[in-house]
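J.: One line per chain: the protein sequences are A and B, in this order.
440 is the number that numbering that gives the first Met the number 0 gives to position 441 of the first sequence; each next residue is one higher, with no gaps.
96 is the number that numbering that gives the first Met the number 0 gives to position 97 of the second sequence; each next residue is one higher, with no gaps.
Fair warning: there could be bad hints in the mix.
[Unchecked claim] Below are the PhoX-like pairs computed for lysine-lysine, each with C-alpha atoms no more than 20 Å apart in a straight line: (1) K73(B) with K426(A); (2) K36(B) with K2(A); (3) K49(B) with K195(A).
[As the list claims (entries may be wrong)] Facing chain B, from chain A, some residues (calculated, C-beta under 8 Å): (4) L286; (5) N288; (6) I290.
To be clear, the hints were calculated from the coordinates, so they are not data collected in a lab.
As the structure is a computational prediction, the values presented were derived from the model and not from experiment.
For each residue, glycine too, the CB sits at the ideal point set by N, CA and C.
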Amino acid sequence: MEKILGIDLGTTNSSAAMLRGGRPELVEATEGKNVGGGKAFPSIVSFDKNGNTIVGLLARKQMISNPEGCVTASKRKMGTDHRYEIYGKSYTPQQIAAIILKKVKTDTEAYFGITVDKAVITVPAYFNDNQRQATKDAGKIAGLDVVRIINEPTAAALAYGLDKTEEDLKIMVFDLGGGTLDVVIMEMGNGVFQVKTVSGDTQLGGTDIDAILVNYIVNEFQNENGIDLRSDPKAMARIAEDAEKAKIELSFIDSTEINIPFIYFDKASGQPKNLNMSFTRTKLEELVNPIIERCREPVMQALRDAQLEPSQIDKILLVGGPTKMPVVKQFIKSIIGKDPELGVDPSDTVAIGAAVMGSVLTGETRQDIQLVDVTPLTLGIEVVGEVTDVLIDRNSIVPTKKSKIFTTVEDNQNSVRIHVVQGEQEKVQDCVSLGSFILPDVPLAPKGIPQIEVTFEIDVNGILNVTAKDLATFKEKSIQIDTSNKLTSKQIESFKSELE
Amino acid sequence: MVESVDYYEVLEIDPSASEKEVKDAFRRLTKLYHPDKHSNSKQSHNKYIKIVEAFTVLSNRNSRVQYDMERRTKTSQGKSSKQGSPFSSKSYKRDNYKKDYSSIFTYSSEQNADYLYDVGLSYLNAQFYDKSISYFDLAIEKYPRKSAYYLHKGEALMKIQMYNEALACFESCLRIDPGNIAAIKNRNQLLNLIKGRVY
Numbered sequence: 000m001e002k003i004l005g006i007d008l009g010t011t012n013s014s015a016a017m018l019r020g021g022r023p024e025l026v027e028a029t030e031g032k033n034v035g036g037g038k039a040f041p042s043i044v045s046f047d048k049n050g051n052t053i054v055g056l057l058a059r060k061q062m063i064s065n066p067e068g069c070v071t072a073s074k075r076k077m078g079t080d081h082r083y084e085i086y087g088k089s090y091t092p093q094q095i096a097a098i099i100l101k102k103v104k105t106d107t108e109a110y111f112g113i114t115v116d117k118a119v120i121t122v123p124a125y126f127n128d129n130q131r132q133a134t135k136d137a138g139k140i141a142g143l144d145v146v147r148i149i150n151e152p153t154a155a156a157l158a159y160g161l162d163k164t165e166e167d168l169k170i171m172v173f174d175l176g177g178g179t180l181d182v183v184i185m186e187m188g189n190g191v192f193q194v195k196t197v198s199g200d201t202q203l204g205g206t207d208i209d210a211i212l213v214n215y216i217v218n219e220f221q222n223e224n225g226i227d228l229r230s231d232p233k234a235m236a237r238i239a240e241d242a243e244k245a246k247i248e249l250s251f252i253d254s255t256e257i258n259i260p261f262i263y264f265d266k267a268s269g270q271p272k273n274l275n276m277s278f279t280r281t282k283l284e285e286l287v288n289p290i291i292e293r294c295r296e297p298v299m300q301a302l303r304d305a306q307l308e309p310s311q312i313d314k315i316l317l318v319g320g321p322t323k324m325p326v327v328k329q330f331i332k333s334i335i336g337k338d339p340e341l342g343v344d345p346s347d348t349v350a351i352g353a354a355v356m357g358s359v360l361t362g363e364t365r366q367d368i369q370l371v372d373v374t375p376l377t378l379g380i381e382v383v384g385e386v387t388d389v390l391i392d393r394n395s396i397v398p399t400k401k402s403k404i405f406t407t408v409e410d411n412q413n414s415v416r417i418h419v420v421q422g423e424q425e426k427v428q429d430c431v432s433l434g435s436f437i438l439p440d441v442p443l444a445p446k447g448i449p450q451i452e453v454t455f456e457i458d459v460n461g462i463l464n465v466t467a468k469d470l471a472t473f474k475e476k477s478i479q480i481d482t483s484n485k486l487t488s489k490q491i492e493s494f495k496s497e498l499e
Numbered sequence: 000m001v002e003s004v005d006y007y008e009v010l011e012i013d014p015s016a017s018e019k020e021v022k023d024a025f026r027r028l029t030k031l032y033h034p035d036k037h038s039n040s041k042q043s044h045n046k047y048i049k050i051v052e053a054f055t056v057l058s059n060r061n062s063r064v065q066y067d068m069e070r071r072t073k074t075s076q077g078k079s080s081k082q083g084s085p086f087s088s089k090s091y092k093r094d095n096y097k098k099d100y101s102s103i104f105t106y107s108s109e110q111n112a113d114y115l116y117d118v119g120l121s122y123l124n125a126q127f128y129d130k131s132i133s134y135f136d137l138a139i140e141k142y143p144r145k146s147a148y149y150l151h152k153g154e155a156l157m158k159i160q161m162y163n164e165a166l167a168c169f170e171s172c173l174r175i176d177p178g179n180i181a182a183i184k185n186r187n188q189l190l191n192l193i194k195g196r197v198y
């Protein structure tokens, strides 16, 4: 029976799961357990001067000895033009992600003893089209056919709701991961998992919490010792690692210490310096309060879009390592008025949900369930005045298809430019550009006469196809937005063979 | 181009169906026809899109009411067609129930302030005051020294009772063109209006 692997490709940690004996099972990384004892491995890639790569726990160890060769949080750059320059070679975020996915594939094959070609990969619900397509490309480079991209909070709800028989639950999934926040409101009933609204922040997560901590530690050290450790990458790497450990510990105890001996060699005095600092949970909560507060608006926006009062939410699911912090639990409880669900491990549910999705696609699962997702961001085209005209509203169910008629603004205008944008703002410059094309050979006519039908079609992956058709000549042109960004198939093929 | 679909038929429900019945119908059909269950074939994709469209309209109270009205009057009224007018509200699929009207342009050569102003005037005449103000603003942004832009923006603002903002526009107009009779008249009218108001 064909199997599809479910992969949680996280900003900080990645994991995978697949069905075995009808139940989803997490893959264990070949080098053993991660920091919190979970099955995920760090999404860290390190390179040596010859371009050889190490991924995961061992790469994390490289952060201290070889910080220039390490790449972390590459998910934050997915869908952008960013390049990582490492030892004279240039890498796209897709290539970094592909290296991580390659490890997932290898570990899975070792663990289950079968070859794996197909995968479902999860992305933040708030990822735009460019980011989704980059994720698919990363899979291709790693030798995986990505049959579906699903949203992380949806995957978590799938994992959670699998055995539930209660009717018509309204669930809010609060997914605060390493790099992104997603807030999703879903309705579950009759085996249908229907997403109602999506909101979030693609630049908000555990890594920001870590950054605040590291900043605080470095400033305190500077105040006491007059030395700015920011100039020393190795010292910064050690602080970052210990800060993360301390942060995690403070979810379970009230105070902890950070001790890093010989953090710095002070040439003036000829003495090595140590870093010793104690930390209370209270202090941590005070420092991260601005980050937590940034979570408020996405939550309120999701409720508003769903036209629901906080009290109408039946269940809250927390997903992502940072949600284990007591301050996060209190925060969400203060808005919704309920305690979040227990018994859901925030680190595992996404991979398990992805595995479930894979089994729905192969027909392997015996459950009669179906997922109905939405597109998280408004889609439109640019019209006169550099403003957007909406074709598809955010939170529209996918798959979907919408058309609108447009016309020319000048006499004898014989082509029109279709510029596709994604975002909530009215001005085009404030939105994300997904691509553009020209429909030529519009018959000469006074302005306002030609009829150009523009159609937007979104598939189940949330990927967009745009067509423009002249209704007089039936001449049409279309672009599939998945080729609008960055990597050509040639590039993908060449990256793929590099990895093999 | 587009067959006229009856959303109730698509969902296989009675036009008097309750909200719950609409929802249950959608779920039932989703489990049967979602592309995931049909290897994502093109046919299932197209069929399911219609189901989604029907559900989207019928599950929202406002859009359902509007749809029901249109459905009833469909046979008695022919399709209205304003050929060639830049403001034709023709859209073969009337999917957007939040705006009752949209008028859109796209073009590939440079715009200029006067063109934007023209568009704003057309909207003003068609009584779409918010849109007209947007276009007047765009014109002003491109070229802030034309008194006519401020004059008509002020008129539009008056129509939506934003009197203080309208007054500011007329003053701007008069700074550029002190003899503008329309602006003087409007300004005086406003001053009287504002004086008489209780804040």
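J.: Now tell me if each hint is right for this structure.
T.: Results of checking the hints against the structure:
no. : hint                : result
1   : K73(B) with K426(A) : violated, 37 Å
2   : K36(B) with K2(A)   : holds, 16 Å
3   : K49(B) with K195(A) : holds, 18 Å
4   : L286                : violated, 42 Å
5   : N288                : violated, 37 Å
6   : I290                : violated, 34 Å
Consistency with the previously given hints fails for numbers 1, 4, 5, 6, ordered from lowest to highest.
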